[in-house]
Amino acid sequence: MLRDITLGQYYPVDSPVHRLDPRTKLFGTMVFIISLFVADSIWGYLAATVALGLVIRLTKVPFSFMVRGLRGILVLLLISVSFNLFLTDGQVLVQLWIFRITWEGLRTAAFMAVRLIYLVLGSTVMTLTTTPNELTDGLEKSLGFLGKVGVPVHEISMMMSIALRFIPILVEETDKIMKAQMARGADFESGNLIQKAKAMVPLLVPLFISAFRRATDLAMAMEARCYRGGSGRTKMKPLRYQSRDRIAYGAELLYLAVMIGLAVVL
Amino acid sequence: MSIKVEHLNHIYGEGTAFSQYALKDVNFTIEDGEFVGLIGHTGSGKSTLIQHLNGLLRASSGAVYYNGENIYADGYDMKKLRSKVGLVFQYPEYQLFEVDVFSDVCFGPRNLGLEKEEVEARAREALSLVGLDESFYAQSPFELSGGQKRRVAIAGVLAMEPEVLILDEPTAGLDPRGRDEILDKISQLHREKGMTIILVSHSMEDMARYAGRLIVMNHGEKVFDDAPKEVFKHYKELEKMGLAAPQITYVVHELREHGAEIADDLTTVAEARDAILAALRKG
Amino acid sequence: MGIIKASRLIFDYIRRDEEDRIEEVNRAIDDMNVDIKKGDFVAILGHNGSGKSTFAKQVNGILLPTEGTVWISDMDTSDSSRIWDIRKTAGMVFQNPDNQIIGNIVEEDVGFGPENLGVPTEEIWKRVDESLEAVGMTAYRMKSPNKLSGGQKQRVAIAGVMAMRPQCIVLDEPTAMLDPNGRKDVIRTVRELNKREGITVLLITHYMEEVVHADRVIVMDDGRIVMDGTPREIFSRVEELKSYRLDVPQVTELAYELKKAGVDLPDGILTRRELMENLLPLFGCRYGERKGGEHVD
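Protein chains in written order, with our numbering: chain A, 45 to 310; chain B, 645 to 927; chain C, 152 to 448.
Rather than coming from a laboratory, the hints here were simulated on the basis of the structure.
Among these hints, one or two may not hold up.
Calculated pairs, BS3-like style, for lysine-lysine (alpha carbon to alpha carbon, straight line, at most 27 Å) [as the list claims (entries may be wrong)]: (1) A/Lys242 with B/Lys793; (2) B/Lys724 with B/Lys837; (3) C/Lys208 with C/Lys156; (4) A/Lys185 with C/Lys294; (5) A/Lys223 with B/Lys880; (6) B/Lys668 with B/Lys837.
Taking the hints into account, I'd like the entire structure generated from these sequences.
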């Protein structure tokens with residue numbers, strides 16, 4: 045059951061979007077998110093819809109796979125929609141007992157829903173088309189300027205990449221320790237909250253000890269392979285912009301300009 | 645009778661495109677007091693199989709009977725089953741968590757809801773069975789040697805006073821000294837306590853020495869189930885499954901091939917030595 | 152002077168309490184002297200706690216001597232300015248296959264060492280290709296390490312070391328956590344690297360079958376070298392090996408037992424073939440002349 049959890053669910057197909065430099069995609073995602081907050085008219089949202097639809101089409105990822113990520117925000121979506129729907133003042137459309145729906149409420153609720161859904165879809169495009177490695181590389185490179193103000197960008201991205209490597213291992217280990225303790229009569233399911241929390245001790249202690257042991261081993265192995273931080277390191281797969289990235293940047297900027305234009309004009 | 649497995653199937657990812665048989669129509673009965681070896685290459689289904697015997701995994705179809713009772717029947721007490729069928733996982737020392745050896749061994753019997761005196765009596769008994777005396781009780785389990793840690797973990801299962809003890813590669817990663825200590829203790833439990841033992845191991849030499857019966861798994865199916873001597877006669881088939889027979893088996897067969905007259909079911913050094921000496925004297 | 156040399160080496164594990172006072176001193180290596188020739192395949196045997204793994208970590212500069220000196224290719228491991236050269240010269244493979252793979256993809260893990268050394272990108276690719284080829288893992292280069300078997304992971308780890316172009320590889324119980332097939336794979340790979348590429352190999356193990364083909368076997372006990380010689384010399388001293396709680400391969404043990412019972416066999420038989428060649432004439436047969444219908448592959 046635990047094994048089903050996958051992180052950064054990359055969808056392996058070959059598409060123009062997959063082939064883009066991760067930095068281009070990071071920038072694009074950012075532009076898209078900004079545009080969602082800039083837009084405040086039907087036309088703005090229509091433009092965003094066209095852009096998003098076009099990009100999703102280009103990724104070659106089945107749409108059903110795309111929307112799977114929306115299930116996670118369903119509750120959030122319902123709450124925010126109903127808040128906006130029922131609690132906005134204005135011209136009353138329907139009144140049912142104490143519930144009152146206004147024209148303004150309907151409008152904000154709809155925009156809010158679209159904004160949330162697009163936000164998730166937009167970032168899903170990024171995670172589905174970019175491997176976790178590319179993502180960390182892209183972040184390291186794009187955020188490189190932060191290094192100048194003392195942020196350990198290389199170290200953070202190295203940590204992210206190691207975490208990605210060890211999460212499946214630790215998930216499997218959790219499963220194993222859980223079973224081993226169950227074989228000794230441990231019960232992880234019944235009891236009240238405090239009993240349940242107490243029952244976790246025989247699971248968490250071995251898990252932490254194992255994680256620390258792995259961390260010590262790994263640190264030694266990295267040192268043995270001459271790892272000494274980011275300076276002086278070269279890259280096996282350095283990020284290099286291709287002409288398609290230039291085109292994509294152009295499209296992203298054009299899109300942003302259109303969105304701002306729409307917001308200003310309308 | 646002790647454990648009976650009937651038409652056991654286990655399918656991973658059932659109903660999805662990735663569904664795969666982990667166990668396929670497995671049948672056997674293990675009687676009280678047997679010492680059964682279970683072999684198979686990595687991924688042959690042997691680890692999946694043993695987790696069915698104490699109800700940690702549930703079969704896709706088929707049944708497991710413990711002392712005549714179907715463990716999948718409504719209201720069957722799984723916790724009790726797990727105390728009767730003790731399972732020692734691979735690298736069991738990774739499950740240790742208490743501050744001292746004694747408390748860790750108490751964990752199992754305490755989960756059974758026993759009185760404090762009974763819990764401690766069992767822990768003491770279990771530790772003495774694995775050969776750890778009182779000087780170890782207050783020590784942190786994390787500061788012991790690899791072999792000692794493992795013995796503490798095995799004691800943790802023994803303290804539940806199981807009738808059947810299943811061990812998944814209990815000697816993995818240990819040096820010859822640690823290995824012999826563990827195997828000697830297991831064989832002692834079998835001889836002196838009459839405990840039923842199911843031992844998963846990769847070492848054919850250990851199997852030849854300790855097991856009275858050998859079950860061989862391949863691709864989720866049971867392919868052999870016989871005395872080790874008989875199973876090792878099929879060494880060519882074993883090799884095709886990525887397994888092997890003890891080295892001695894090869895020596896004996898090669899001698900026979902070249903015309904030496906010795907029996908074909910010798911599997912240990914002592915047996916082969918005696919047979920070769922006898923044959924040389926005769927010749 | 153050989154590629155690895157230790158002189159009067161002593162190493163203590165020191166445990167301190169919270170106030171940094173010395174609580175316990177454990178002598179892991181006690182006055183060890185050894186000189187290992189370039190290109191040799193040397194196996195170090197010993198049970199746990201014999202000091203063999205501690206010695207392995209000395210060679211790579213992960214641990215530094217308490218007293219005495221270790222030289223790797225004339226570099227003193229205590230000389231902190233040469234530490235990266237030392238680690239590059241003597242690569243290291245550890246016991247747990249999971250805890251030494253850093254990359255999320257096989258080829259990226261192999262590239263990790265050269266990246267750290269600042270090797271130019273094109274050269275990294277060349278080295279990764281060659282190293283994966285050398286351990287026979289080219290077909291798996293795009294796989295996630297989590298999808299590999301234990302033996303395959305160890306071969307990736309070996310490739311990761313090879314990509315640093317070392318002169319010597321130290322393997323600290325690389326097969327202890329593997330199944331028999333994985334064990335065979337790893338040992339075969341290491342032997343090939345030794346023969347074909349001339350890499351000096353220092354194999355730490357407690358599996359006796361793995362050292363039969365070594366050029367030299369060193370047995371450690373209690374932090375000291377207690378036996379040192381060719382496999383044949385070592386394995387002819389069966390009783391002594393057993394006194395150090397080490398195992399003897401079954402073939403060797405059988406030959407030894409037969410000899411003890413008066414059968415005319417040479418000392419230190421290591422392989423089945425040797426046993427056959429010497430035993431069959433006593434039955435009046437010659438090796439290779441098969442009579443029965445059976446075949447042994």
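(request) List, from low to high, the hint numbers that the structure doesn't satisfy. (result) 5, 6
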